[in-house]
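Each chain, letter by letter, is given below.
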Amino acid sequence: MTAFCALLAFDVRLSFRRGADTMVVVGFFLLTVFLFSLAFRGDTALLARIAPGLVWVTALLAAMLALDRLFLADFEDGSLDQLLLSEIPLELVVLAKAAAHWITTGLPLIAAAPALALVLNMNGAGLAHLVLSLLLGTPTLTLIGTIGAALTLGARRGGVLISLLVLPLYIPVLIFGVGVVTAAIDGMDASVPIMALGGFLLGALALAPLASAAALRQAAR
Amino acid sequence: MTAFCALLAFDVRLSFRRGADTMVVVGFFLLTVFLFSLAFRGDTALLARIAPGLVWVTALLAAMLALDRLFLADFEDGSLDQLLLSEIPLELVVLAKAAAHWITTGLPLIAAAPALALVLNMNGAGLAHLVLSLLLGTPTLTLIGTIGAALTLGARRGGVLISLLVLPLYIPVLIFGVGVVTAAIDGMDASVPIMALGGFLLGALALAPLASAAALRQAAR
Amino acid sequence: MIHFLANPARFMRIGARLLPWCWALAALGMGAGLWFALVVSPADYQQGDSVRIMYIHVPSAWMALAVYSLIALVSAMALVWKHPLGFLIGRAAAPLGTGFTVICLVTGALWGQTSWGTWWVWDARLTSVLILFFLYLGYMALGSAFDDADRGNRAAALLAMVGFVNIPIIKFSVDWWSTLHQPASVLRMGGSAIHPSMLTPLVLMALGFVAYFLALLVLRVRAEIAGRKVAALMMAGAMGGAGEFHDN
Amino acid sequence: MTDHRPSVGRADRLIARDIACIRGGRLLFAGLGFTLAPGGVMLLTGPNGIGKSSLLGILAGLAPPAAGSVELPTDTGRIAYLGHGDGLKPLATVAETLAFWAAVNGPGDPQARRQAIEEAMEAFALGPLAALPCRYLSAGQRRRVALGRVMAGAARLWLMDEPATALDGAGARAFDQALAGHIAAGGMAVVATHAPNALDGAEILEIARFAGTAPRFADPDTWGPSVGQDP
Amino acid sequence: MTDHRPSVGRADRLIARDIACIRGGRLLFAGLGFTLAPGGVMLLTGPNGIGKSSLLGILAGLAPPAAGSVELPTDTGRIAYLGHGDGLKPLATVAETLAFWAAVNGPGDPQARRQAIEEAMEAFALGPLAALPCRYLSAGQRRRVALGRVMAGAARLWLMDEPATALDGAGARAFDQALAGHIAAGGMAVVATHAPNALDGAEILEIARFAGTAPRFADPDTWGPSVGQDP
Ligand code: HEM
Ligand SMILES: Nc1ncnc2c1ncn2[C@@H]1O[C@H](COP(=O)(O)OP(=O)(O)OP(=O)(O)O)[C@@H](O)[C@H]1O
Ligand SMILES: Nc1ncnc2c1ncn2[C@@H]1O[C@H](COP(=O)(O)OP(=O)(O)OP(=O)(O)O)[C@@H](O)[C@H]1O
Ligand SMILES: [Mg+2]
Ligand SMILES: [Mg+2]
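Residue numbers (my numbering), protein chains in the order written: chain A, 412 to 632; chain B, 412 to 632; chain C, 90 to 337; chain D, 527 to 757; chain E, 527 to 757.
Keep in mind the hints are simulated off the structure, nothing from the lab.
There is no bait here: all hints are sound.
List time: in silico DMTMM-like cross-link candidates among lysine to aspartate or glutamate, alpha-carbon distance up to 25 Å:
no., chain 1, residue 1, chain 2, residue 2
1, C, K171, E, E597
2, C, K171, E, D544
3, C, K171, B, E502
4, C, K318, C, D237
5, C, K260, C, D212
No experiment lies behind these values; they were computed from the predicted model shown.
Model the full assembly from the supplied sequences, consistent with the hints where possible.
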């Protein structure tokens, strides 16, 4: 447990000190929506219509952006070797890394989402469900991402490969995430897609650390 | 001139060998549009309406993605020191780097654009003008990008800072780029925005290498 | 000039002597300007009382441009003469310029709501001012993004010079592209085309803004110099040998 | 095919049996074996590219050998591994770096951990650097931090790749002392080096003796790129 | 404040005058000066963190000194600089790397360039590695490639930071020979090293002699964090 906390704290601290990842993700998120409103010259009706999809697609892309750095720095500077040789179960290391990654990229994204929803003229129910769906969905994205990041360590086309690997697994999350928001905006019952998102999260929590740890063991040089 | 060619060839060769940048950029480009059409469940009328803006915003974001690597690898592994000490004018080095970057990210983007335009139901004039606007616009983006990349070398929050620095200078390109396409689709005269894009390109060609070279000289450790 | 001011002690002395005059001029200009603007000058025959926004909007727009130009100028000087005074002035002026830009944007948006019926349109003038705002932000962010303060200063100075291309675009955007925005009527070739009853408060307000800016600038530069002194003395005093490290 | 990862053996020694190593399709060495008892140091020597670093990786279990097996001593605790690189995070300060790795690898008891860190800092004269982010360090200072990390961990087996790189005279002496202390406490070390005369009392393993005479590639009669005995 | 970047002097020698270096607000050394004539080698020595690498950077013109000036010899051609890192691209092969840097830095004539590359490959036994991407190389092999790059360039002044790092005996001898050849042809070299006894006939500059006695920080009565003369 100390080790888990130490890992989490070290990662989060360095990540915030560097600042880059968090700000890239949030910046990308805000920027994209800003650019879209720019490109459509403030056609508000149109923007409101595409809002749920826009926010979710952008969140997904933003989450994907920082993925390749999940294990890469540790791999390149040799820290990963050290972690592999430590007595901490590798699954725990993966969980700590995933938690740190989500805290530094997923959480700020969720914090930024309401601002965008307001800019895009989303109503109250839509906003609440947007946050809820992101809360349930983004950890799943991160966990799935760890598998992709671990599998592609040292691969020649790391960045793209990750996208290619995780994308198929991301699509259900995207569809149900958008489903939650549109259902809420249209005043319909959103419990089914919400439960689906919850189920994905539980499944990812159980499976992703195992898969990623196995992949990391293979990756060590 | 030999030196310029050597620089260009070396960069392009390594970049294609790595493959990552090109494929990240094109992949991102295709992916975003794909995800959007997925998020809107094939609402073709809506998609057609947002097509010019969507393609241009995505192209801009994709071009921004690979920017931070423009000089970073050279900076970190010490190659930049070597280039600074060589007798090649630094402006030429910047131009070669920019050209290599554009060939490996901008050009493939343009090659991919028609496919998207077709998917998004753009008409012939729109497609032609999309390609034309990208041809004029993306080199400008790259050239402006070199300034941002050079200025932020060694900065604490490199990635985001670049976006912050280049974004304001990208906005006019985006506006006129979208302007060209929408004008063409609506059957109007697009020569004014086309000329503006051309003007931006010439200006960037003249100024960006100077500014970037000055910034690189400051950056050496 | 630059070598005359090159001694911090002298700069501090001159600044201290200038400061009260600046404050007085600022109070006088803005006070009288507001009096003329709100009381003496007439409401516009088209726009009614909302025209009075102009007396804030236009001077702050001018200041936003002027301060950026000043930053670009001192940056160039600092880079050419390798003298840190330019960096110091530039870094001190940037937040003030950002403030003026924000005021210009906000008052413009308010005015737009009353006279065009919309807060914002993506026309050339408005967009280029927004770009100016981002440039200010980028300048400040870049300047403080390096552990080596000197490196930050130089990078930011280069950015300021690059971003200067935006200034003529802002200035002439109304002439080059037909937009919703007012074309120049005060500062233009061939003399001013504005009624004296409106011109007087405008000029007074502008003078007040300039004096206010100068006062704050001197204050900020002095604070920075004092801060450096304290830091230098503290480091020199507190450290023997390798000692502690300070990120700046 | 059996699992070639190091297993924890029954004896209190490090045993390498008949190890072969293939990299990039080329057989680097084969039939390499040795035993290292507590308090022993094994120096790996040989020309550039012979496979010293590769052997260290195999011993650490970071890469499987193409043939043969590694048996770790009982109760090794962890393995400390120091490669050619320093493995430092540019933004973490020296103190943070040592504290983090001690928390991951060092003694469980916080008091003992703090003491281990202090000893390491003292041994490699890191005190004045404690508050510096690692990216400001000079090459030798970086190496000292990496060595301090090894020392502050509670490992009984040290695997090190040219540990004295970039160290000045004082640093090299500090390392020799640290190693001597480790050995005196019953530790073991395998050290790849180009200056084997620097340490007395250490065994020397000349890897060139086991070098693959002819390049041997994947055996067409088995599936994997393996060499030597195969199930 | 005058421009502190190296200028090309009138004499055929490298002259460093009264150089001071500040890093991270700390004065590393001040008043350092020396002259290096053609055919001379200057060894920089001193403990870790004293400022050897920083001085090399100043001599190369990569960083300005806090005070003092550097005068490069006339017709230096280019400067060859080899830092602690190797500066190799992981995906470029050894042959590509050498060819590229020779095109950037080496002799203009293609024929001479090819020959320079061949000589460098031969001197450092790089022939068998020519087709390997650099990321497959061992540490010593990487260093050989970096040294080969210096040798294939047409520079008269070599600035090197611990060039023999990770080299085996043969590699170190090859480097000594390459340096001797460079010197014999009227070249100059400044080499930071922890093993100053390795080269005979070379001058030794002990940087510690110039170390800042007390830390001096930004002078509160001038503008910049500068030391020494100011306008
Ligand atoms: C957010 C929106 C706006 C922005 C960013 C903006 C920006 C500017 C700028 C930069 C100037 C100085 C130009 C120069 O010195 O030539 C200016 C001047 C001026 N603006 Fe605006 N403006 C905005 C909205 C408006 C609106 C809505 C009106 C009135 C309907 C208006 C009326 C004027 C007038 C009368 C001038 C003085 C022109 C002159 O005499 O030179 N502005 N504005
Ligand atoms: N970017 C930096 N910012 C602040 N301090 C730095 C920076 N780079 C180096 N230093 C400090 O400057 C000092 C000199 O570093 P330098 O690399 O020149 O030493 P060196 O003599 O080459 O040491 P070594 O023998 O370890 O290579 C070190 O104490 C280091 O901590
Ligand atoms: N990932 C890899 N793929 C293919 N070949 C590799 C790889 N890594 C190393 N090699 C090759 O394996 C050989 C052994 O490398 P290793 O790093 O073990 O050598 P070393 O004995 O440590 O050399 P040095 O003294 O230079 O450190 C080298 O010839 C190298 O070219
Ligand atoms: Mg090795
Ligand atoms: Mg050094």
